[in-house]
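Below are the chains, spelled out letter by letter.
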Amino acid sequence: MFTLLYGLWKWIFRKDEYFILILGLDNAGKTTYLEQTKTRFTKNYKALPPNKVTATVGLNIGKVDTLGVRLNFWDLGGQEELQSLWDKYYAECHAIIYVIDASDRSRLAESKAAFDQMIKSEHLIGVPLLILANKQDIPDCMGVREVKPVFADSGDLIGRRDCLVMPICALNGEGVEESIQWLTDCVLRNSTIRPPKEDKE
Amino acid sequence: MGGLLSYFKSLFGSREMRILILGLDGAGKTTILYRQVSPEILVGEVVTTIPTIGFNVEQVTYKNLKFQVWDLGGQTSIRPYWRCYYSNTDAVIYVVDSADRDRIGISKQELVSMLEEEELRGAVLVVLANKQDLSGAMSVAEVHQALGLDALRARTFQIFKTSATKGEGLDTAMEWLANALTNKK
Ligand SMILES: Nc1nc2c(ncn2[C@@H]2O[C@H](COP(=O)(O)OP(=O)(O)OP(=O)(O)O)[C@@H](O)[C@H]2O)c(=O)[nH]1
Ligand SMILES: Nc1nc2c(ncn2[C@@H]2O[C@H](COP(=O)(O)OP(=O)(O)O)[C@@H](O)[C@H]2O)c(=O)[nH]1
Ligand SMILES: [Mg+2]
Ligand SMILES: [Mg+2]
Numbered sequence: 071m072f073t074l075l076y077g078l079w080k081w082i083f084r085k086d087e088y089f090i091l092i093l094g095l096d097n098a099g100k101t102t103y104l105e106q107t108k109t110r111f112t113k114n115y116k117a118l119p120p121n122k123v124t125a126t127v128g129l130n131i132g133k134v135d136t137l138g139v140r141l142n143f144w145d146l147g148g149q150e151e152l153q154s155l156w157d158k159y160y161a162e163c164h165a166i167i168y169v170i171d172a173s174d175r176s177r178l179a180e181s182k183a184a185f186d187q188m189i190k191s192e193h194l195i196g197v198p199l200l201i202l203a204n205k206q207d208i209p210d211c212m213g214v215r216e217v218k219p220v221f222a223d224s225g226d227l228i229g230r231r232d233c234l235v236m237p238i239c240a241l242n243g244e245g246v247e248e249s250i251q252w253l254t255d256c257v258l259r260n261s262t263i264r265p266p267k268e269d270k271e
Numbered sequence: 018m019g020g021l022l023s024y025f026k027s028l029f030g031s032r033e034m035r036i037l038i039l040g041l042d043g044a045g046k047t048t049i050l051y052r053q054v055s056p057e058i059l060v061g062e063v064v065t066t067i068p069t070i071g072f073n074v075e076q077v078t079y080k081n082l083k084f085q086v087w088d089l090g091g092q093t094s095i096r097p098y099w100r101c102y103y104s105n106t107d108a109v110i111y112v113v114d115s116a117d118r119d120r121i122g123i124s125k126q127e128l129v130s131m132l133e134e135e136e137l138r139g140a141v142l143v144v145l146a147n148k149q150d151l152s153g154a155m156s157v158a159e160v161h162q163a164l165g166l167d168a169l170r171a172r173t174f175q176i177f178k179t180s181a182t183k184g185e186g187l188d189t190a191m192e193w194l195a196n197a198l199t200n201k202k
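Those protein sequence lines, which keep their order, are chains A and B. For any residue, its number in my numbering is found by taking its place in the first sequence, counting from 1, and adding 70. For any residue, its number in my numbering is found by taking its place in the second sequence, counting from 1, and adding 17.
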């Protein structure tokens, strides 16, 4: 009887889980974006003040419940040495968020090269892709119109998949909710191809 | 206030927090605890308990923070005693000797089996790639791979390069840990 009830309880409260990988060069704003996302989607979340965010050498995780699903985030370090660790997560992720520092034109080519290296992985074929042009608060930063053609240049590597370039400001949170909304729609749409993991709780 | 403990200031006054400092013998744990974390703490506050033969726990309590240290590896007969110390652990500081490529495999096994403990499920993990002053020390990416950290999918962790004897890298590590714990206060 207990197992039956437990089974029923689990069925009612089960949540489909999706895994979102956040990548991009160091200093792009990935961890700041994740903190901002947690703050906006989690009640009573005590966010780390942005000035206390330090370079990631490891993994930051985040859980967000929205639109009836659970999103699990993996935020990795972007330093060159650490980029070799990115591909360990490709096979299990349901979407990629690629963050660029739109205020830093001098590193755009470097960011694009790391992007190409990532997106050509066979483990990521068809996985929805969201490119965030971050730091829109900084005057004279690159807007979507400037960033998009640079990445569109890799059209054949990107192939057929949901793909969008969005302007955001991770620091003050502008655009963060919209970005999560878009991504959730995408992973749901793509769930016949990459099915969710069922919540074990 | 003792050395690196100043980073934990924002945590003082909240509930008791337990931090384990673990790793193989010789990794540098004791050096970190006494020389770096608590150089100004009175000797009397440093307690060494030996609840059973062969099991040696070094312990430092400062306000509501409790640091406990023991060596992993070696005799399997004492392992059941470790469990007593796992409950309510907020963070694990895992120390490796980055220059000891021969034993990093054992260190990995110890880490993996420790993290399987249910009681440690919510603990934040800090890996100290210690002894970076020695030539041939493994890089962060090498330590990451050797310890199989990419298998950790549901735990926040961060690796720091340190030299406990020179006192390098520990500031950054403790500052990060204190911030990570503030979330759990
Ligand atoms: N002005 C501005 N600064 C930002 C914004 N987002 C992030 N930053 C700053 O950019 C710096 C790097 O941010 P992080 O979030 O640590 O970058 P990261 O991508 O996680 O870097 P790694 O962990 O090294 O890969 C920090 O100083 C942030 O405060 C933004 O929208 N506007
Ligand atoms: N070169 C070097 N030696 C270290 C470092 N940290 C610890 N040691 C030495 O390694 C030995 C073992 O250190 P100890 O703290 O006792 O390790 P424990 O067994 O993990 O507690 C001692 O001789 C320390 O002086 C370091 O960063 N660099
Ligand atoms: Mg980061
Ligand atoms: Mg010791």
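No lab work stands behind these hints: they were computed from the structure. Everything numeric in this text was worked out from a predicted model, so none of it was measured. Glycine included, each C-beta is placed from N, C-alpha and C at the ideal position. It cannot be assumed that every hint is accurate.
In silico contact screen, one side only, chain A against chain B (beta carbon under 10 Å); selected entries [claimed, not checked]:
(1) D145
(2) G147
(3) K190
Do the hints match the structure? See the list:
no., hint, verdict
1, D145, "holds, 9 Å"
2, G147, "holds, 9 Å"
3, K190, "violated, 20 Å"
Hint violations for this structure: number 3 only, all remaining hints satisfied.
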